[in-house]
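Undergrad: Listed below are the residues making up each chain.
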Amino acid sequence: MFVRRLLRNRYVLPLVLVATIGGGALLAFASAGAAGAATGVGGVGSGGGVGAGNFRSGVALPPGVGSPSYLGGPKDSGNANSSVRHYAKVGGKRQLVSYGSSSILYKTPPASYIPVGAALFAQNCSSCHGASAEGSPVAPPLLGVGPATVDFWVSTGRMPARSTNQVQAQRKPPLLNAKQALEVAAWVNSLDPAVPYVPYPNLKGADVATGADLFSLNCAACHTITGAGDALAFSTFSPSLHSATAQQVAEAIRTGPANMPRFTGNLSDAQVRDIVAYVTSYIQHPTNPGGSDLGGVGPVAEGFIALLIGVGGLALVCFWIGERS
Amino acid sequence: MSDVPPVITPPDGDGDGGGHGTAVAVPVARFDDPHLQEFARHPARTERVIAVLLVVGMLAVAGFGAAYWVSATPWVLAVTFGAGLFFLGFGLTAWGKYLMPQGPFVEDRHTLASAPEEQDALSAALVQRTSVVVKRRRLLGGLFAGGAGIFGIVAIFPLLRSLGPLPGTSFDRTNWRRGTLLVDSNGRPVHVDTLEVGGILTVFPHGQQASDEGQAVDQTILLRVSTDDVTTQPGRSNWGPRGYLAYSKLCTHLGCPVGLYEQQLQLLVCPCHQSMFNVLNGCIPQFGPAPRPLPQLPLKVDASGYLRARAGYDQAVGPGFWERTTK
Amino acid sequence: MTIANNAPRTKREAQAALGPYGRTSQAVAELDERFGLAKGGRIFLDKIFPDHWSFMLGEIALYSFVVLIATGIFLTLYFIPSTTQIIYHGSYKPLDGQRVSEAYASTVNLSFSVRAGLLMRQMHHWAADVFVGSIVLHMARIFFTGAFRKPRETNWIIGTTLLIMAILNGFIGYSLPDDLVSGTGLRIAYSILLSIPFVGSYLASFLFHGNFPGDAIIPRFFTIHVLILPAIIAGLIGAHLGLLVRQKHTQFPGEGRTERNVVGSPMFPTFMAKTTGFLFMVTGVLGVLGGLAQINPIWQFGSYQADKISYAVQPDWYMGWLDGALRIMPSWEWTGWGHTLPWEVFFPAVLFPGLVFNIAFGWPIIERRFTGDNEMHNLLDRPRDRPKRTAFGAAFFTMLFVVFGASSTDVLANYFHVSLNDVLWFFRIAVFVIPVIVYALTWRICVEMQGVIGVGKRKRAMVVTRTASGEYVAEVAEARPDDDVDELHPEPVPVLIDLGPEPALPPRTSPVDGGVGTAVRRVNR
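Protein chains in written order, with numbering that gives the first Met the number 0: chain A, 0 to 324; chain B, 0 to 326; chain C, 0 to 524.
Read the hints as simulated data drawn from the structure, not as lab findings.
This one's a predicted model, so the numbers in the text were calculated from it and none came from an experiment.
Derived, one-sided and incomplete: chain B residues facing chain C with beta-carbon distance under 10 angstroms:
no., residue
1, 72
2, 85
3, 89
4, 159
5, 162
6, 164
7, 211
8, 248
9, 287
Result set (EDC-like, lysine to aspartate or glutamate): computed pairs, CA atoms no more than 16 angstroms apart in a straight line:
no., chain 1, residue 1, chain 2, residue 2
10, C, 149, C, 380
11, C, 247, B, 107
12, B, 299, B, 192
13, C, 92, A, 206
14, C, 387, C, 447
15, C, 247, C, 45
16, C, 387, C, 372
17, C, 247, C, 152
18, C, 149, C, 372
19, C, 247, B, 106
20, C, 46, B, 106
21, C, 149, C, 374
22, A, 92, A, 191
23, C, 46, B, 107
Beta carbons are placed, not taken as given, at the ideal position from N, Cα and C, and that holds for glycine.
Looking at chain A on its own, in the form it has when it is part of the complex (with noise of 0.2 angstroms):
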């Protein structure tokens, strides 16, 4: 009866309409801002077919870092090779504090750090890591890893993770601040020291041009050309670049943070640094000349605007002007 009722007033239709029009079009707003903006919501279903067992092999770096560079290419490729070198002795033994260039110098962090870092380790990484960061079935092991891999998973809040069910960790708000971070990185390489280290870039002197053609050759393919990211093979995803700072995208690129590969020998450390100031500037703060950018995620969000404000609210004007019995 209620339906036979609704059918029968003549306001149905037009606030249907409205409706739709309305709420599509803010629906198509919001996802464009949230696909914008840097997610830390919810929760990865556990699905697909990836489970937690697949978490293992990815982290751990093989033997073999640390091997010379190729001849004829720039030397100065991420790794301990890298033209500038810096020795200190900690406990009597002469061990590599920082290395690098004038474009990214990777630093480990202060011996100082880390009886802080054990603490913290102890307190927030080791029920899944185990007491000396040996790895259990839900969590891969974390020796020779290098400081810049512990660095980039905890200052990017995905550790301490919310589940280990989760297929892919997501980025949050760090429960660890920047320094913390570091103390647990240094903790953990005083293990099992490895490169590479924490890279420091420096922007000064970066050219945003060869950063984007780089950035379209190597990164769009799963980050997308706007870096807004999607959706990947299962459950995987690759994330936004839009809260990254030019420290992360350093680490992400040198340590390759799960499914991410990693870019050593082929990248220089100037093109890392074109990357990352690419990324930093234009990819994270578009121009945008043309309006809203829709979330940067192409023709989809495009094509909803188009059809709901353009068709839409122009066959509403229809409405208006025509009569409607």
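Since the structure of chain A is provided, determine the placement of chains B and C on it from the hints.
TA: The following block gives chains B and C in isolation, referenced to the frame of chain A:
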């Protein structure tokens, strides 16, 4: 549709014959009828509102002129331009809707079809004249039709022979040969230490890294994986030295560059239609519309430690086409 | 010297010489003597346009096309259709010093360095999106109200052709800037051509002058985009409107509306004012979109290079259904005897759209085969009165919409945080299941709505009175003269072609009348 709807004639009359009933005769409106001139309840007020709309439009259009003159940013141009035209149109439409005669006016619809006699006259003319003029001169008619037909066929030739070259075997060829040096997009050769496990690089045959053809056809994806994980396909035991695997970057579905590598899942994913290829077993498609594995390029390490092609591709790269031979 | 003698001497005489309506009389006379347009012009001014709002949807398309032509002319002044590689030196820093094609560089330059260039370019793009969208909406109105029936089948076919041309020209225009995203679309188009059995490799090689990408495609597409297809579209629009004038509008059944008249408002001045105003409003809306909503920011994408790719590249929305079909198609390829038949491309990208458009083209004929209805129809159907057609149309559109949705599997998976693979499987199943459900549901709703008494009828007011003793009494107001008219009942179809006496059917009580009176239910042949 078999459900022809019920056609209902109103009970009170099927007055004007011909099977189509007019329920109520609509008064044929005249333009000088004062009741039909204006539909607005408050014409004076409506006129004021419309005047305001038009003034707003006028000002905005003038503003667009000013914004254009000083070369303002696009959004200022858009707002002045769009608002100007919109309000001018709004005002004009409202004028038409509220202050102009609305009727309803009725226009008679005349049958398009002519009288049967006229139709017959045309048919008769067509048939008779044809039989008189054409059928008696069959030879001439046939000759002309033949000539025009041949011209019709000949006219297609430019489309076939001038637009582009015949494809020949061009879709089967790449520039990869035995011993070709692998280089990256800057032309740098690839040393066996360039990549670490989990690394990826797009490579080209030496000398083709900047050419259209090299980029469109020869592009090859070079990966380094842990040798323990690899399931080697029969006959390819020495194709991937030191964990280096090279596959054509052209998706076998539609030829998009398969540049998306997930190093934990060991999948190459095509960014266009999400075909997924398992890099460890010879890029056999795992999911999505791609029908064939990505062709693999056999590799070897030369004496100085650089990667070279052991041979060219053993099949056509990229999407399927009719002449593609099975592999 | 007779002329001199007859020359008017005073102003008043001059006025009188012009005719009763002054200079207008004179102008009409001069024109009529040359072109004989007085009578036709008068008829034209009196031409009646139905007032129902849904008759204006086609106008959105028409005026979008006007905007497309106007902005398009602007763009041709600055665009250079060439794939010659140059080094970009312009105002957009991340491209500075990069090797780009001239087509790309000129598009970036006209966006950044030409006054209002970006506005014009974005308006052009939005207008294209709206153009196709409004054609589809207009087409849906025509379909669901049965306006395509005799005598208007030809106009339906012209309209469908216009839709195809609009989609084609949209895609070609999208490809012209030679940016990374559109170049990927071209690569896909090339592969689709390749997939056609027997002739595919020849077609692809001829259109692109050899292997992909080649140098020929951008200049060729430019000519097609700005000359050939616009000319075809303009011609077809002319034919579309010419036929419309010749056959006159359809109209919804209702008060005084019959198969033999058109009820509405006249061409001049009422319709002229409304439609001109609407042209301005369409332009205004597109202008606002063109400057406030960024579309296709090619400077971010970079120039096309065949080894580069971005994830999340979709075509414009009107190509989305083909992209979606390509995504959900399983990987079925036939090989043998030295040949390959790539069904996984050929079916979704060639056969499927062919099937869809052939159904669209042939629909008037298909429907006639089912109904056997060969009558003239100038009165429209209400969708509910044709449950099967409406249900079929709804299911068909839904199927296309599901396939269209499948083109954004990645965006949906990302937004809802679900597995990409699951989303794809959902669409593979949904494309078959959802249209069936929609068919059943629509059919049911139509039949139910037929049964609702008095849908759309004017409500009779209730008059509440207070008696002297203080009681309130509610009564139905006095009937207005037209209250009893069953204004929404379709008029019977006139028998314009006499096929002999109709079979007499027993009279039945109409459920629609709600017992007001009896009606004769007559079934047409």
